[in-house]
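J.: Listed below are the residues making up each chain.
2 protein chains.
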Amino acid sequence: MTPVRATVGVDFGTESARAVLVDVGNGREIATAVHVYKSGVIDHHLPGEELILPPDWALQDPDDYLQALGMTVKAVLAQSGIDPAQIIGIGIDFTACTMMPVTSDGTPLCRLGDHRSNPHSWVKLWKHHAAQPEADLINETAATMGEPWLDRYGRKTSSEWFFAKALQILDESPETYASADRLIEAADWITWQLTGVETRNSTTAGYKALWSRREGFPDRKFFEALNSGFADVIDEKMSRDIANPGERAGSITASASELTGLVPGTAVAVANVDAHVSVPAATVVSPGRLVAVMGTSTCHIALADINQVVPGVCGVVEDGVVPGLFGYEAGQAAVGDMFGWFAELVSGGDENPGDMHQILEREAAALAPAESGLVALDWWNGNRSVLVDADLTGLLMGATLSTRRGEIYRAMLEATVFGTRVIIEAMEAAGVPIEETVACGGLPFQNQLLMQLTADITGRPVRVAESRQTPALGSAMFAAVAAGPALGGYESILEASSAMARLGDDEYLPTAAAQPIYDDLYEIYRSLHDSLGAEHSEMRRLHSLQERVRSLSPHRTKVEA
Amino acid sequence: MTPVRATVGVDFGTESARAVLVDVGNGREIATAVHVYKSGVIDHHLPGEELILPPDWALQDPDDYLQALGMTVKAVLAQSGIDPAQIIGIGIDFTACTMMPVTSDGTPLCRLGDHRSNPHSWVKLWKHHAAQPEADLINETAATMGEPWLDRYGRKTSSEWFFAKALQILDESPETYASADRLIEAADWITWQLTGVETRNSTTAGYKALWSRREGFPDRKFFEALNSGFADVIDEKMSRDIANPGERAGSITASASELTGLVPGTAVAVANVDAHVSVPAATVVSPGRLVAVMGTSTCHIALADINQVVPGVCGVVEDGVVPGLFGYEAGQAAVGDMFGWFAELVSGGDENPGDMHQILEREAAALAPAESGLVALDWWNGNRSVLVDADLTGLLMGATLSTRRGEIYRAMLEATVFGTRVIIEAMEAAGVPIEETVACGGLPFQNQLLMQLTADITGRPVRVAESRQTPALGSAMFAAVAAGPALGGYESILEASSAMARLGDDEYLPTAAAQPIYDDLYEIYRSLHDSLGAEHSEMRRLHSLQERVRSLSPHRTKVEA
Chain H
1 MTPVRATVGV DFGTESARAV LVDVGNGREI ATAVHVYKSG VIDHHLPGEE LILPPDWALQ
61 DPDDYLQALG MTVKAVLAQS GIDPAQIIGI GIDFTACTMM PVTSDGTPLC RLGDHRSNPH
121 SWVKLWKHHA AQPEADLINE TAATMGEPWL DRYGRKTSSE WFFAKALQIL DESPETYASA
181 DRLIEAADWI TWQLTGVETR NSTTAGYKAL WSRREGFPDR KFFEALNSGF ADVIDEKMSR
241 DIANPGERAG SITASASELT GLVPGTAVAV ANVDAHVSVP AATVVSPGRL VAVMGTSTCH
301 IALADINQVV PGVCGVVEDG VVPGLFGYEA GQAAVGDMFG WFAELVSGGD ENPGDMHQIL
361 EREAAALAPA ESGLVALDWW NGNRSVLVDA DLTGLLMGAT LSTRRGEIYR AMLEATVFGT
421 RVIIEAMEAA GVPIEETVAC GGLPFQNQLL MQLTADITGR PVRVAESRQT PALGSAMFAA
481 VAAGPALGGY ESILEASSAM ARLGDDEYLP TAAAQPIYDD LYEIYRSLHD SLGAEHSEMR
541 RLHSLQERVR SLSPHRTKVE A
Chain V
1 MTPVRATVGV DFGTESARAV LVDVGNGREI ATAVHVYKSG VIDHHLPGEE LILPPDWALQ
61 DPDDYLQALG MTVKAVLAQS GIDPAQIIGI GIDFTACTMM PVTSDGTPLC RLGDHRSNPH
121 SWVKLWKHHA AQPEADLINE TAATMGEPWL DRYGRKTSSE WFFAKALQIL DESPETYASA
181 DRLIEAADWI TWQLTGVETR NSTTAGYKAL WSRREGFPDR KFFEALNSGF ADVIDEKMSR
241 DIANPGERAG SITASASELT GLVPGTAVAV ANVDAHVSVP AATVVSPGRL VAVMGTSTCH
301 IALADINQVV PGVCGVVEDG VVPGLFGYEA GQAAVGDMFG WFAELVSGGD ENPGDMHQIL
361 EREAAALAPA ESGLVALDWW NGNRSVLVDA DLTGLLMGAT LSTRRGEIYR AMLEATVFGT
421 RVIIEAMEAA GVPIEETVAC GGLPFQNQLL MQLTADITGR PVRVAESRQT PALGSAMFAA
481 VAAGPALGGY ESILEASSAM ARLGDDEYLP TAAAQPIYDD LYEIYRSLHD SLGAEHSEMR
541 RLHSLQERVR SLSPHRTKVE A
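Respectively, the protein sequence lines represent chains H and V.
Numbered by the numbering used here, the letters in the first sequence go through residues 1 to 561 in order.
Numbered by the numbering used here, the letters in the second sequence go through residues 1 to 561 in order.
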């Protein structure tokens with residue numbers, strides 16, 4: 001009997017990291033371990049400090065990542081009982097853009113002396129939204145200067161992305177910016193800790209840092225227009241050397257071996273992004289199927305062999321997901337979060353709204369389409385695609401005195417799927433074909449009603465990836481590619497996907513009776529979507545009024561060093 | 001010392017009746033008693049019967065009224081210790097249109113043999129909404145025939161009104177219609193029970209039965225066009241002899257004396273409607289002030305010395321409230337009901353959402369205008385004024401993941417006041433002046449925030465009637481007028497109001513800082529109101545879709561005899 005060849009994938013999420021140890025031959029998940037970050041999301045005050053962070057801030061402690069990395073990898077090794085010498089590679093994926101300032105040897109600034117009390121020296125998590133003024137400046141400047149890359153991002157970049165966050169550091173804490181030898185994605189920083197070598201992955205560079213394989217980064221004069229001190233951000237703080245997922249970043253060092261229990265010299269894959277690494281783990285390596293990574297928010301990724309501008313889609317990156325194809329990414333900023341918000345709202349003062357989800361799903365599942373007379377707009381956290389506006393808000397229409405919570409819950413589920421349908425229609429209109437949805441992430445396993453609604457409302461079958469931890473599995477798959485055939489891995493991610501990824505048995509098919517009713521309900525949703533999403537709509541006037549009222553008692557306080 | 005002269009007012013509400021014994025000299029409320037109807041609102045099945053009533057049905061048992069009448073009047077007499085001979089009169093008010101079929105001697109059909117098992121022989125309560133097809137026919141027929149009275153009702157009559165209900169009896173149970181010697185308002189039936197004489201009051205005739213002092217009822221040919229068997233409904237089942245409030249309907253009979261403990265011969269006032277009788281009890285007997293009777297729903301009444309068509313206002317009746325003036329009535333179908341719906345929604349499975357109102361009001365009161373970024377349309381039970389459409393529904397816009405229940409609650413309070421502002425603006429545009437609001441009913445005492453919002457949003461001061469039981473007080477005042485000066489009462493309701501009605505000390509003044517913000521928020525509300533209230537709006541298309549889906553599995557079953 002051939003001994004098992006295995007790889008380890010580590011998925012760094014928002015609250016915790018999860019490692020999975022996988023049989024390279026068949027993708028079987030042999031062991032899993034999760035570790036919750038000690039400081040979690042730092043959005044109130046820095047550990048050990050009194051200073052209250054302004055709203056919209058979200059930081060993390062990089063040492064939490066290292067602790068989680070060591071604990072989880074050691075745990076899966078121990079659980080599996082496998083000889084570490086049989087582990088042919090490790091790969092990691094991360095939330096993005098999650099970035100940090102470090103010194104030239106990779107030491108996080110926030111570990112160092114006075115820097116520790118300055119919020120700008122910590123990791124800015126993906127959902128740090130305090131760089132909106134910088135994002136606005138980037139968008140205005142790019143539009144004015146006619147920057148060619150703007151089309152690739154549906155003509156609007158986000159406050160979550162790399163340069164908005166980097167520019168916020170320069171704007172608000174110039175000496176932090178000056179002290180930072182490098183500005184780097186946390187994903188690439190972890191790989192650096194494992195290999196001792198700084199690498200930069202093409203996925204975050206492409207989707208979050210305005211880079212493309214053909215055109216590189218925006219010109220120096222663009223960055224200079226943002227801020228003269230920002231002109232050389234690429235050459236001073238970053239790198240133009242960008243590696244593709246599947247490439248080998250390096251090998252486990254002695255100190256990384258001590259941290260993780262892996263054998264020195266083990267292959268380490270180039271880092272990747274959680275949603276993108278899920279695509280081949282959901283069996284998708286060719287055009288025609290939409291991957292929906294569904295959790296608190298949903299990320300949609302489709303592949304195509306053509307390069308198209310899809311208005312309102314967040315990014316198109318060549319080789320961004322699978323080599324040789326263009327990866328199209330879109331998203332919905334609140335999905336599970338919206339359902340959670342409602343479950344908590346109707347749970348009264350109860351500490352445990354967990355059971356409420358089940359009650360609500362049961363009540364909602366008993367209803368027929370359009371029976372409740374409710375429709376919602378799923379903008380509880382703005383609209384990421386295709387309107388790309390974080391200021392849009394949620395709407396519920398059709399409530400009466402006899403409206404029950406299960407009806408509202410169902411309307412909220414339906415609204416998120418209507419949002420998905422808008423994205424699918426935008427992709428198809430641009431020539432990116434979508435014949436089926438493959439769902440992964442946590443939600444598809446928790447909410448079967450949502451899966452059936454996805455089939456009924458999009459009019460397309462829905463399959464669910466077999467793995468409940470597609471990002472970690474995907475990272476383990478890329479680790480097998482980084483190790484390569486010589487070590488018992490794979491030549492390409494296509495081969496790895498074919499051998500290691502599977503779909504679950506369930507298939508959700510559109511219901512013939514529901515589809516025409518949902519077509520009519522979607523027409524109403526779309527009409528509200530277009531009218532309230534338009535310039536000067538009631539929703540936008542309402543938001544402006546709120547902003548004006550809030551500015552009278554400002555609560556966005558800049559963090560000045 | 002002069003012995004106290006007193007009157008008794010009895011207010012027949014939806015769930016209970018309340019009697020108050022009042023000092024005629026100064027309006028002091030000496031004793032109060034409440035009695036809850038044994039069968040309450042009969043909306044599921046008839047007492048002792050298996051038959052399930054269709055949705056939208058709401059019936060009552062007239063014997064519950066008699067029991068409540070006897071119990072409460074005897075109770076206030078006993079409590080007060082006053083010699084019944086000192087009671088110079090009694091008056092009653094009722095919900096309307098609340099109507100019933102009776103025999104020529106006033107016996108309710110539902111007391112009699114086989115009739116008892118037929119729902120159509122029972123009292124149809126004001127909120128019986130199952131006569132919508134008949135209301136639709138009345139509206140269409142009146143429009144087609146160019147009926148002149150249609151303007152007085154804002155060009156649309158309600159399914160709650162007298163002829164829709166009467167026609168439903170004829171349509172669905174012709175033999176009940178045939179057996180009914182009289183069709184009569186419950187208000188007038190109670191007066192009949194007290195006096196032994198049938199009278200008809202001008203308030204219900206004017207506001208609910210298309211009658212006016214100058215033009216009488218609609219023509220025979222109009223009723224004939226509705227149904228040939230309905231042509232003579234006035235002369236066969238009703239009366240053209242209509243008495244004004246303040247007139248004396250008759251005197252307490254021997255049997256009524258036994259029921260109530262009042263002395264035979266005591267003056268009995270012509271019956272009246274709960275909202276309308278509240279107007280002089282809230283000190284309003286002249287133009288310029290809007291009376292808002294605020295409870296589960298709100299009724300607005302203003303007086304003017306001119307006869308104007310006010311589009312969307314439910315009724316204009318000469319002498320309908322105070323002799324010599326035109327009474328304008330408008331309404332909002334869900335006010336307290338909307339707040340109650342939300343309190344129940346967010347109370348989880350708790351049995352007691354009562355405390356939730358206080359929690360919500362405290363949370364809502366801590367907010368600044370427009371701070372939450374929410375706006376609502378207050379149409380949880382349709383729109384009674386000025387759009388007059390029961391099919392319109394509630395809307396909430398502006399929700400985000402950080403929206404809290406207190407913010408939604410405040411948005412719902414604000415929405416009801418925006419609805420009031422629409423009514424005020426419609427009245428003022430038609431020449432009916434409104435300089436101040438006088439609130440009465442239960443809500444003003446429970447929800448001070450709502451009162452302050454009313455001042456801030458309407459830009460007009462708000463006063464609150466001192467009495468917490470203005471309808472019963474108003475009925476006691478009309479009893480004093482029916483008794484007349486010779487017996488120690490009053491010549492007119494103006495005199496009675498001056499002597500017996502008072503405002504509370506609190507005055508809510510518009511806040512200078514809030515007003516301009518609410519002007520802006522109202523502009524947004526009004527824009528949504530006008531666009532979603534329009535023909536073919538998303539809201540109307542949504543309702544049509546719901547109706548279509550529901551018609552696939554019908555649940556409006558006619559009650560056939």
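Derived by calculation from the structure, the hints in this document are not laboratory data.
Accuracy of the hints is not assured; some may be wrong.
Stretch by stretch, here's where chain V covers chain H in the computed footprint (C-beta under 8 angstroms, at least three residues) [said to hold, decoys possible]:
#, stretch
1, 337-348
2, 359-373
3, 388-398
4, 517-523
5, 533-541
It should be emphasised that the depicted structure is a prediction, and the values quoted were computed from it without experimental measurement.
We put the beta carbon where it would ideally sit given N, CA and C, even for glycine.
J.: Which of the numbered hints are not met once you compare them with the structure shown?
T.: The structure conflicts with no hint, since it agrees with every one listed earlier.
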